[in-house]
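K.L.:
Now for the letters of each chain:
Number of protein chains: 4
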Amino acid sequence: MFPDGTGLNTRSRTNFSHVRKSFRTQGIMKLLGAHISQLSKGIVEISAKSCPALSQQDGFVHAGVLATLLDSAGGYATLSLLPPDSRVLTVEFKINFTRPALGDTVHARGRVRTLGSRIAVCELDATIRRNRKWRSCAWGSQTIFCLRPEGDRTKEKRD
Amino acid sequence: MFPDGTGLNTRSRTNFSHVRKSFRTQGIMKLLGAHISQLSKGIVEISAKSCPALSQQDGFVHAGVLATLLDSAGGYATLSLLPPDSRVLTVEFKINFTRPALGDTVHARGRVRTLGSRIAVCELDATIRRNRKWRSCAWGSQTIFCLRPEGDRTKEKRD
Amino acid sequence: MFPDGTGLNTRSRTNFSHVRKSFRTQGIMKLLGAHISQLSKGIVEISAKSCPALSQQDGFVHAGVLATLLDSAGGYATLSLLPPDSRVLTVEFKINFTRPALGDTVHARGRVRTLGSRIAVCELDATIRRNRKWRSCAWGSQTIFCLRPEGDRTKEKRD
Amino acid sequence: MFPDGTGLNTRSRTNFSHVRKSFRTQGIMKLLGAHISQLSKGIVEISAKSCPALSQQDGFVHAGVLATLLDSAGGYATLSLLPPDSRVLTVEFKINFTRPALGDTVHARGRVRTLGSRIAVCELDATIRRNRKWRSCAWGSQTIFCLRPEGDRTKEKRD
Chain A
76 MFPDGTGLNT RSRTNFSHVR KSFRTQGIMK LLGAHISQLS KGIVEISAKS
126 CPALSQQDGF VHAGVLATLL DSAGGYATLS LLPPDSRVLT VEFKINFTRP
176 ALGDTVHARG RVRTLGSRIA VCELDATIRR NRKWRSCAWG SQTIFCLRPE
226 GDRTKEKRD
Chain B
76 MFPDGTGLNT RSRTNFSHVR KSFRTQGIMK LLGAHISQLS KGIVEISAKS
126 CPALSQQDGF VHAGVLATLL DSAGGYATLS LLPPDSRVLT VEFKINFTRP
176 ALGDTVHARG RVRTLGSRIA VCELDATIRR NRKWRSCAWG SQTIFCLRPE
226 GDRTKEKRD
Chain C
76 MFPDGTGLNT RSRTNFSHVR KSFRTQGIMK LLGAHISQLS KGIVEISAKS
126 CPALSQQDGF VHAGVLATLL DSAGGYATLS LLPPDSRVLT VEFKINFTRP
176 ALGDTVHARG RVRTLGSRIA VCELDATIRR NRKWRSCAWG SQTIFCLRPE
226 GDRTKEKRD
Chain D
76 MFPDGTGLNT RSRTNFSHVR KSFRTQGIMK LLGAHISQLS KGIVEISAKS
126 CPALSQQDGF VHAGVLATLL DSAGGYATLS LLPPDSRVLT VEFKINFTRP
176 ALGDTVHARG RVRTLGSRIA VCELDATIRR NRKWRSCAWG SQTIFCLRPE
226 GDRTKEKRD
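Respectively, the protein sequence lines represent chains A, B, C and D.
So for the first sequence, our numbering puts the first residue at 76; every next one is plus one.
So for the second sequence, our numbering puts the first residue at 76; every next one is plus one.
So for the third sequence, our numbering puts the first residue at 76; every next one is plus one.
So for the fourth sequence, our numbering puts the first residue at 76; every next one is plus one.
By construction, these hints were calculated from the structure, which means they are not laboratory data.
Heads up, a few of these hints could be off.
Same chains, same names: a pair is fine if it fits in one copy or spans any two.
Computed list of lysine-lysine pairs in BS3-like fashion (alpha-carbon distance at most 30 angstroms, straight line) [as the list claims (entries may be wrong)]:
| no. | residue 1 | residue 2 |
| --- | --- | --- |
| 1 | Lys96 | Lys116 |
| 2 | Lys124 | Lys105 |
| 3 | Lys124 | Lys208 |
| 4 | Lys105 | Lys116 |
| 5 | Lys116 | Lys208 |
| 6 | Lys96 | Lys124 |
Input sequences plus hints: build the corresponding full structure.
P.N.:
Here it is as structure tokens:
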């Protein structure tokens, strides 16, 4: 879907340093003990350990913590397709919590499905590991507003 | 909307102790420095101080932090209308982020709009204070699944 | 919320003719037998009669019909705040169906909550009349992308 | 995902007649000229011809028409996994409209991602054909409430 056209080469050469740099400035990621565990064109995975400090009343990972990890994952998945001086803002997200988030490690993935000049739509998907088995616990969609640097002609994409 | 019928009197007499007790067990609320600032039948407000540890890359409160506070607010707004032995689970939420969350204090409110035997729908609304002025920064909806104790006949409500 | 500033006077003078004209070109509104029953700055109500042709399997008005009326209501509520040469596109909507839509007439209302230069967020709300009583049957939110004519300086608004 | 266990055999033997029968009673599907074009366990596709009667102001298929087809597709995808005497109700759906729906034929697909005892979550996806090429124009998620016949022990599933 993202053939290595002229527009995208630049960013792959930079190893997504603008994404990593931005991620390091998010105070909440540090607070949650989260790190980027996968980063490629249009796909970002953020991981965190489950622990009592992230829990709701039944000991599951709080739905809002999953939403936080997923929101950053989708935002950075979008930023990974944009030039270094771009900015991304979350317009909205909607997430279904499909299973109690019980386990030791969470993977929150964001994947760009549609990228227009202003609007990107991402798929969000979280899995949690319990007894060495990964299971989906949250799934949803996100709309991102893209602020590109002036004169940007980066390719758009749609699934 | 919630006339003081037999079913609801019990809970108002208890000062919503089942809500407060459950809130105290949410590790994430402690981590975010959040507390319940308003609690009445079907309405809960949770407040937190804005600080670098809750921020995204531009210094705004992270959308996921707002979602976390709002999710708990809506869940507890629902629980406030249910008998003490009930449980609530978030099925899904959808939130629009309508303004950059820049300021010193966040109020996240959940209000039950519809309460059925199994499903509640809440309105979620977050405001942030900057220069002594409160402004809305996030707004959305939430679906809650209610697990009532057996034999419960609490009144339902719909706006 | 919409004080009669310079930017808005123009449009109130035109009696929202750009909104009415656009509405008449929507083939689906004619097919559903829908008409605009209220139109003011930032608020549009569209009405339709319930009938077997609009029903789902239980004889209720189909959720998608409610969504169709609500989507147009929110879109035109947004357009009512923009200059005549503007266009609006639905980015997304999310609707909760809070009660079976059983009755004889549906009112679908869209109200602009937030209007930025590019993005508007609307509240959607449908009621249905049964035995002379109106009840809410659907409620949700909608994101609209605004294409304003070049050089437009219309006021933005946020709740 | 749906291995042929005892619970599901019954329904595959019946050729999903309870789904087809229910579909025929939806007045709106007839009004839109829609038919079921694919039907298997947990997946339903509904198709309709694009025509002026289904259009919005720019001649695209109206977002609400896509939502109507998608809502029925997801509902029947869920019903296809439940015993014949079951009922399904849409709790909510959220749909992103990712491309103008310009073309001659629409395919609206619903796929069950998660099926619990009461709640199912479906993925909704619409494509439109233009110049013989199919492109995605809408994508979203849906929550369904399942009313199973008493004593039902049908298998649940989660992705």
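K.L.:
In ascending order, which of the hints set out earlier in this document are inconsistent with the structure?
P.N.:
Of the numbered hints given earlier, the structure breaks none, since each of them holds.
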